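Line by line, the protein sequences give chains R and F.
So for the first sequence, the working numbering puts the first residue at 7; every next one is plus one.
So for the second sequence, the working numbering puts the first residue at 240; every next one is plus one.
These are calculated hints, taken from the structure and not from any lab test.
Incorrect hints may appear among the rest.
Only some residues are given here: those of chain F computed to face chain R with a beta carbon under 10 Å [as the list claims (entries may be wrong)]:
#1 N459
#2 A461
#3 G486
#4 V599
#5 V604
#6 L607
#7 A609
#8 L610
#9 N611
#10 G621
Being a predicted model, the structure only gives us computed values, none of them experimental.
The beta carbon of each residue, even a glycine, is placed where N, CA and C say it ideally should be.
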Amino acid sequence: MNFSTIRTYFTDTQNAAPLAVFRILFGILMLWSIVRFAVNGWISKLYIEPQFFFSYYGFEWVQPLGEWTYIIFAVCGLSALFVAIGFKYRISIVIFFLSFTYIELMDKTTYLNHYYFISVLAFLLCWLPAHSYGAPGAGRKKAGRVPYYTVGAVKLLVGLVYFYAGLAKLNSDWLLQAQPLATWLPGRTDLPLLGSFLDQTWVAYFFSWAGAAFDLSAPFLLLYRRTRSWTYAVVVLFHILTWLLFPIGMFPFIMIGAALIFFPGAWHERVWQRLAPSRWLPATAGRTPQAERGTFGLRPNVLPGAVIGFLLLGQLVLPWRYLAQPGELFWHEEGFRFSWRVMLMEKAGYAQFWLENPRNGRRQAVQNHHFLTAFQEKQMSFQPDMMREYAQLLARHYRQSKNWDTVAVYADVYVALNGRPSRRYVKPEVDLTQVSSAAEMLLPFDDTITGL
Amino acid sequence: MLGCRLFVLIKNVIMKKFALLLLTTILFWGCTDDGPSGPSADDFDREAILENWADNLIIPSFSNFSESTGQLHSSAETFAADPTQQNLESLRESWESSYLAFQHVSMFEMGLAMQIRYRDYLNIYPTDTEEIENSIQSGSYNLELPSLTDSQGFPALDYLLHGIGQNDTEILSYYTSDNNAENYRTYLTDLTERIDALTDQVLVSWTSGFRDEFVNNSGNGANSSLDMMVNDYIFYYEKNLRAGKIGIPAGVFSGNPLSSHVEAYYSNGFSKALFNEALTASINFFNGIHFNTDTNGQSLDDYLDYLNTMKEGADLTESINNQFELARDESEALNPDFAAQVLSNNTLMLSTYDELQKNVVNLKVDMLQALNINVDYVDADGD
Numbered sequence: 007m008n009f010s011t012i013r014t015y016f017t018d019t020q021n022a023a024p025l026a027v028f029r030i031l032f033g034i035l036m037l038w039s040i041v042r043f044a045v046n047g048w049i050s051k052l053y054i055e056p057q058f059f060f061s062y063y064g065f066e067w068v069q070p071l072g073e074w075t076y077i078i079f080a081v082c083g084l085s086a087l088f089v090a091i092g093f094k095y096r097i098s099i100v101i102f103f104l105s106f107t108y109i110e111l112m113d114k115t116t117y118l119n120h121y122y123f124i125s126v127l128a129f130l131l132c133w134l135p136a137h138s139y140g141a142p143g144a145g146r147k148k149a150g151r152v153p154y155y156t157v158g159a160v161k162l163l164v165g166l167v168y169f170y171a172g173l174a175k176l177n178s179d180w181l182l183q184a185q186p187l188a189t190w191l192p193g194r195t196d197l198p199l200l201g202s203f204l205d206q207t208w209v210a211y212f213f214s215w216a217g218a219a220f221d222l223s224a225p226f227l228l229l230y231r232r233t234r235s236w237t238y239a240v241v242v243l244f245h246i247l248t249w250l251l252f253p254i255g256m257f258p259f260i261m262i263g264a265a266l267i268f269f270p271g272a273w274h275e276r277v278w279q280r281l282a283p284s285r286w287l288p289a290t291a292g293r294t295p296q297a298e299r300g301t302f303g304l305r306p307n308v309l310p311g312a313v314i315g316f317l318l319l320g321q322l323v324l325p326w327r328y329l330a331q332p333g334e335l336f337w338h339e340e341g342f343r344f345s346w347r348v349m350l351m352e353k354a355g356y357a358q359f360w361l362e363n364p365r366n367g368r369r370q371a372v373q374n375h376h377f378l379t380a381f382q383e384k385q386m387s388f389q390p391d392m393m394r395e396y397a398q399l400l401a402r403h404y405r406q407s408k409n410w411d412t413v414a415v416y417a418d419v420y421v422a423l424n425g426r427p428s429r430r431y432v433k434p435e436v437d438l439t440q441v442s443s444a445a446e447m448l449l450p451f452d453d454t455i456t457g458l
Numbered sequence: 240m241l242g243c244r245l246f247v248l249i250k251n252v253i254m255k256k257f258a259l260l261l262l263t264t265i266l267f268w269g270c271t272d273d274g275p276s277g278p279s280a281d282d283f284d285r286e287a288i289l290e291n292w293a294d295n296l297i298i299p300s301f302s303n304f305s306e307s308t309g310q311l312h313s314s315a316e317t318f319a320a321d322p323t324q325q326n327l328e329s330l331r332e333s334w335e336s337s338y339l340a341f342q343h344v345s346m347f348e349m350g351l352a353m354q355i356r357y358r359d360y361l362n363i364y365p366t367d368t369e370e371i372e373n374s375i376q377s378g379s380y381n382l383e384l385p386s387l388t389d390s391q392g393f394p395a396l397d398y399l400l401h402g403i404g405q406n407d408t409e410i411l412s413y414y415t416s417d418n419n420a421e422n423y424r425t426y427l428t429d430l431t432e433r434i435d436a437l438t439d440q441v442l443v444s445w446t447s448g449f450r451d452e453f454v455n456n457s458g459n460g461a462n463s464s465l466d467m468m469v470n471d472y473i474f475y476y477e478k479n480l481r482a483g484k485i486g487i488p489a490g491v492f493s494g495n496p497l498s499s500h501v502e503a504y505y506s507n508g509f510s511k512a513l514f515n516e517a518l519t520a521s522i523n524f525f526n527g528i529h530f531n532t533d534t535n536g537q538s539l540d541d542y543l544d545y546l547n548t549m550k551e552g553a554d555l556t557e558s559i560n561n562q563f564e565l566a567r568d569e570s571e572a573l574n575p576d577f578a579a580q581v582l583s584n585n586t587l588m589l590s591t592y593d594e595l596q597k598n599v600v601n602l603k604v605d606m607l608q609a610l611n612i613n614v615d616y617v618d619a620d621g622d
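Assemble the whole structure, with the sequences as input and the hints as a guide.
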């Protein structure tokens, strides 16, 4: 590859239909996600009822807004709808990205890789001319043209999620012990027909190996015309299966929709014209996307191209940051988030916190439910950064409300990982208000998981 | 709502279709491959656990308890009609045996019991003596009010039978010569009547329909009987047994011992007997031992053993049972009256707490993980 091919990637154009279909499905699924979230009562349960929220480093200022939190969700849902329609697309997608990301930053407890995926996708979409087809003001008869890199960027991101999720599975627990599937699958024996096989050992191994092989190969097989259709059928099968087996919400549908980006423009156009009768959209001519007109006086595509380039580069590098941390990643979890480690481990813990007043030696146990919801307690009980934040909360509370002059916080924590017996996790003699990393507070893992 | 139903319907249809497709694939794969094969699915039957719990533990325990509450109420009526020393003593005996029998049903807070907050109405302690006296003085009270849970049930009876006066003569005087003697007698029988009536309701709900509902709900979602019962059991063990009976009086959560927070505080050293009975009930539930017999039926121990043969992990059943015994051994030396114990030598109380605590980890972390049960139903997505 030389410079001119790279330039071609930016200057040559392709059919805009894949991007438009992607935008429409994305908008619809996001609207559906938000409505589902509200209908399940989760807005109140997760963001209004708790007294305390776990923050991401640097984003402590992102907090739920009490009853106004509903407004954030409403704005998020409405902007998703506008994105789907293509109405005021640029503003809508920026609002969607901001509101959705705000929601995700409100409480670390609810972190999910697929929420993060949505934030990254939404950010990417802010820079793409995804409204140059199938949107008010855009051509309806024939798809417009968009630069190659715009569709390519989405393909790369979607493919990267699969591939990195596959790489993460290349470890001894997943491949040699079939964990955590050997723990999870026997719990679903109530499924009709399929269920009766799920507590057999070979099924866990089959699913583990097949899952890893699928994740690693899917992005490549989707790129080639000969293998694309069949691979897509497997994509659908795979995601429906995970939807049936695990409580993973909207993620399967998002991936089923996202993988359509690999199909060529002509295919999308055909489907589009069959699905959307021409009377739905105003009959105006196609228009030149923003990206081709240039932004801030720069040459066309330079700014969006640069931003997207940095985003994708970051995505390629970020999942490897755990290599900078000694010790077992699954144990200390420093660098576990934001790296497409999806459905990768079964980890649970129990955390009993102790408060000590060093002045008089008074020591008492904490009832976690006085401070945290059941869900927050569950998530905190095996994640060291959340334990530290909780310890700070406890110390603050006892200094301010109970007038203790100083507070030391210790914890008896036991954690079980991927079917291993539980073992002590946090050093019982460490005052958790005085530490700032997992390395300072955790006992060693005492076992080895080889692989990535 | 319609959307939700439609969604569930579609999900079910797809589930069946896919199951069929996958079944074919897997059958094909299974026939052609000599890969490792675990025990057959037929080896374990979760419904058998539910059946054993319902038919041999829950319903017999409630029947037995219901008999005892009937006896308690009739003793109270006898005493109210004729408040003599002898009738007071036999009422106390009924109270003791009924309170012991209660330890075998307290953990089964599901179905109707959960709806009516059965355990709260029967056993919230420390009881609110001021509220009891107010109710008696005014003569007007509605025991169905949630605000009055702490002035009824066994702890309120404990106060009325043991704590209201310095000695038996003084206690009797409240029911005979006091200005409000009639109110005292009425309040007493109102309490026993309510315990009896609530228990009857719960027992009837189990025998008339809920038993089948419970046993048939043998799937493994968060709303399945097994998941809910296991969560109830662990909740009971952690909050009511470990914390309520030992930890709170020992001052684990407050920094200093709270002798007045022991169960059966006013009685003459009955708290340890109640604790022992509750521990026995917890052990029996885990092992599926039929109520009042030595017969060992299907329960969590068998399920763990079965899953263990698949994973060749540590023997969790053995660890849990050993830890139960260690807790029992540690508690042997405790004074029959825990209130006296926390005042004289709280260290012993704290060490019993520590032994009980270790099994919270075994049950809540290791067992839940092995059984793939979510702690306290949290219906959020995962990924």
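Going down the list of hints, with the structure as the test:
Look at N459 of chain F: its Cβ gets to within about 5 Å of chain R, closer than 10 Å, so that hint holds up. A distance limit of 10 Å between C-beta atoms decides the matter here; for A461 of chain F the minimum to chain R is near 9 Å, and the interface restraint holds. Satisfaction of the interface hint for G486 of chain F is found here, the shortest Cβ-Cβ separation to chain R being roughly 7 Å, below the 10 Å cut-off. For V599 of chain F, the suggested interface contact is upheld, since its CB lies about 7 Å from the closest CB of chain R, less than 10 Å.
Below 10 Å, beta-carbon pairs count as interface contacts, and V604 of chain F has one with chain R at about 4 Å; its hint therefore holds. Given the 10 Å rule on beta carbons, the hint for L607 of chain F holds: about 7 Å separates it from the nearest Cβ of chain R. Proximity of A609 of chain F to chain R holds as hinted, the smallest CB-CB distance being about 7 Å (cut-off 10 Å). Interface restraint check for L610 of chain F: the shortest CB-CB distance to chain R comes to about 7 Å, inside 10 Å, so the restraint holds.
Satisfaction of the interface hint for N611 of chain F is found here, the shortest Cβ-Cβ separation to chain R being roughly 3 Å, below the 10 Å cut-off. The beta carbon of G621 of chain F is positioned within 10 Å of a beta carbon in chain R (closest approach about 5 Å), and the interface hint is therefore held.
In the structure shown, no violation is registered for any of the earlier numbered hints.
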